[in-house]
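Chain order of the listed sequences is P and F. Numbers 0 to 287, taken from numbering that gives the first Met the number 0, label the letters of the first sequence in order. Numbers 0 to 218, taken from numbering that gives the first Met the number 0, label the letters of the second sequence in order.
Since the hints were derived computationally from the structure, they do not count as laboratory data. Since the model is a prediction, treat every value here as computed from it, not as a measurement. Where a beta carbon is used, it is the ideal one built from N, C-alpha and C, also for glycine. Treat the hints with care, as some may be off.
[Claimed, not checked] Just so you have them, the derived chain P footprint on chain F, three or more residues with Cβ under 8 Å:
#, region
1, 36 to 42
2, 96 to 105
3, 131 to 140
4, 175 to 183
5, 188 to 195
[Claimed, not checked] Straight-line C-alpha distance at most 35 Å; calculated DSBU-like pairs for lysine-lysine:
#, chain 1, residue 1, chain 2, residue 2
6, P, 51, P, 140
7, F, 60, P, 140
8, P, 140, F, 205
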Amino acid sequence: MNIFDRMMSLDRRWVFLLLVVVCAVTYIVPFQVPIRVEGEVRSIYDFIDTLKPGEIVFIAIDYDPNALAELHPMCYAVMEHCFRKNLKVIVTALSQNGPGMAEQAILNISDSLMLDREYNGVLYEGREIRNGEDYAFLGYKPYFALVILGMGQNFRIPFPTDYYGTPLDSIPMMQGVQNYDQVACVVDLSAGNITDAWISYGQGRFYFPLALGLTGVMGADYYPYLNSRQIFGLMAGLYGAAQYEEMANNPGLAKDGMRVQVYAHLVIILFILMGNIGYFMGRRDEKK
Amino acid sequence: MRRQIPLMLVFIFGIFMIFQYFVPHESSEWIYEFLLDWIYIIGIFALALGIWSLIRVSVAKIKAHKSGWGYPIITLAGLFLMILFGFTGYRDGSWGFYFMTAEGLSNPMFRHFFDYIMIPIQSTMFALLAFFIASAAYRAFRARNIMASLLLVAALVVMLRFNPYLGPIGPVIADTASWLLNVPNLAAKRAIIIGVGLGMVATSLKIILGIERGYLGKG
Chain P
0 MNIFDRMMSL
10 DRRWVFLLLV
20 VVCAVTYIVP
30 FQVPIRVEGE
40 VRSIYDFIDT
50 LKPGEIVFIA
60 IDYDPNALAE
70 LHPMCYAVME
80 HCFRKNLKVI
90 VTALSQNGPG
100 MAEQAILNIS
110 DSLMLDREYN
120 GVLYEGREIR
130 NGEDYAFLGY
140 KPYFALVILG
150 MGQNFRIPFP
160 TDYYGTPLDS
170 IPMMQGVQNY
180 DQVACVVDLS
190 AGNITDAWIS
200 YGQGRFYFPL
210 ALGLTGVMGA
220 DYYPYLNSRQ
230 IFGLMAGLYG
240 AAQYEEMANN
250 PGLAKDGMRV
260 QVYAHLVIIL
270 FILMGNIGYF
280 MGRRDEKK
Chain F
0 MRRQIPLMLV
10 FIFGIFMIFQ
20 YFVPHESSEW
30 IYEFLLDWIY
40 IIGIFALALG
50 IWSLIRVSVA
60 KIKAHKSGWG
70 YPIITLAGLF
80 LMILFGFTGY
90 RDGSWGFYFM
100 TAEGLSNPMF
110 RHFFDYIMIP
120 IQSTMFALLA
130 FFIASAAYRA
140 FRARNIMASL
150 LLVAALVVML
160 RFNPYLGPIG
170 PVIADTASWL
180 LNVPNLAAKR
190 AIIIGVGLGM
200 VATSLKIILG
210 IERGYLGKG
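I would like the entire structure built from these sequences, with the hints used as guidance.
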């Protein structure tokens, strides 16, 4: 077996080992990776940034812990941006494990919001966000397509009470809020086909502005909806979340994770190139 | 009758749901909401059936001491513990069972089982994919012919698009990736979406009109 054969048939454990080493080193060593912001993420940030205090953003947390690495940073970045801007937030979770993810995100962001922070040259004073006044967490209901349709009539149809059992009519921020008509936009953070339901049954029927936050592998599938303006923005994967953090001047989990991802991709590219060099050189030798 | 009644119900409700979409009358909305409620009710029975089926299969495996019979014990323990914690809560200075209210959500064990068991397990399983993808990419991405070469180049461009260490070719790669996503990818996906949409309409009509009867089973 010559060197080119070896390049083509490397034991996969070497691939795993190099990937582990690169991920560990880039995770431990703190450095920043420059982020280039693309139009599809910028449009989400700009939309939320131009809303007036008191307006309502609907955030659908439709992912389970398996998509946590990509979508939790997105959720943190968007939600913190909303609360810093004094916007109200309605949260739902239409995947089975979504309520746990949503509750964790709300708790962590609540802690972070207690501190004074300066973003993009503007000082935001720390404050306590209150359930029912600053946000309403409606929780989980099965059959996401029906829930999305039901909320188009009235949030109280699928959710007569919030996640904690409080009737929606008793929640201060839900007074006068009937359906999507009172919501400035919907941001769906999803790792599955719930996104299709938000596009078809939600935006397609009730015409609210919809933005998507998706896992990296899903991103390419939803570009047609961006082009047809059924969605006004798209964040795909950790890179999408990092772009939002970059725009918000609020580096967090995504920008931290990007340095690992960039170098992990370089390792994968290195192995792909190595395999192809071995393949071409091997073929050349065979022809000789 | 066992076949005629379901066929009739599917026809009536299918036709109603099509027309309802175009009729913004109050009574039409009311029936629509009423039907949505019915779907939840049917779904709750499906959930109960699913739990019963899981218990039955798991118990049968444990009894038969089939290979891996320890796993169903963990499955059942997880199921019953989460149900127990979900219904156990703290109110008015004492702990108790609350079936109709949401006190269980404040049970720290309910939260901890999710935060410290469920989240790490699911995240770990998904993170392992990175290693398999790396290994698969190394073996599969070979420029064996023109189509494979195109796939390889597209994959490399999209992977490199957010790499900040490419100097002056960085923006060129980013623009090329953006073009790939917004032009060829969009055209192909749009064709697929339209095709799938038309297929869904055709299949729905076949079911509503009783031409497609696979959902009735063999009975």
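Right, here's what the structure says about each hint:
1. With 3 residues having a Cβ less than 8 Å from any Cβ of chain P, the region 36 to 42 of chain F passes the three-residue criterion, so the hint holds.
2. Requiring three or more residues with a Cβ within less than 8 Å of a Cβ of chain P, the coverage given for the region 96 to 105 of chain F holds, as 3 such residues are present.
3. With a cut-off of 8 Å between beta carbons, the region 131 to 140 of chain F has 7 residues touching chain P; three or more are needed, and the interface restraint holds.
4. Only residues whose beta carbon comes within less than 8 Å of a beta carbon in chain P count, and the region 175 to 183 of chain F has 3; three or more means the coverage holds.
5. With 3 residues having a beta carbon nearer than 8 Å to a beta carbon of chain P, the region 188 to 195 of chain F meets the requirement of three or more and the stated coverage holds.
6. Distance hint between residue 51 of chain P and residue 140 of chain P is fulfilled; the C-alpha atoms sit about 30 Å from each other, no more than 35 Å.
7. With a C-alpha separation of about 32 Å, the suggested pair residue 60 of chain F and residue 140 of chain P falls inside the 35 Å cut-off, and the hint holds.
8. Proposed proximity of residue 140 of chain P and residue 205 of chain F is supported: the alpha carbons are some 30 Å apart, at most 35 Å.
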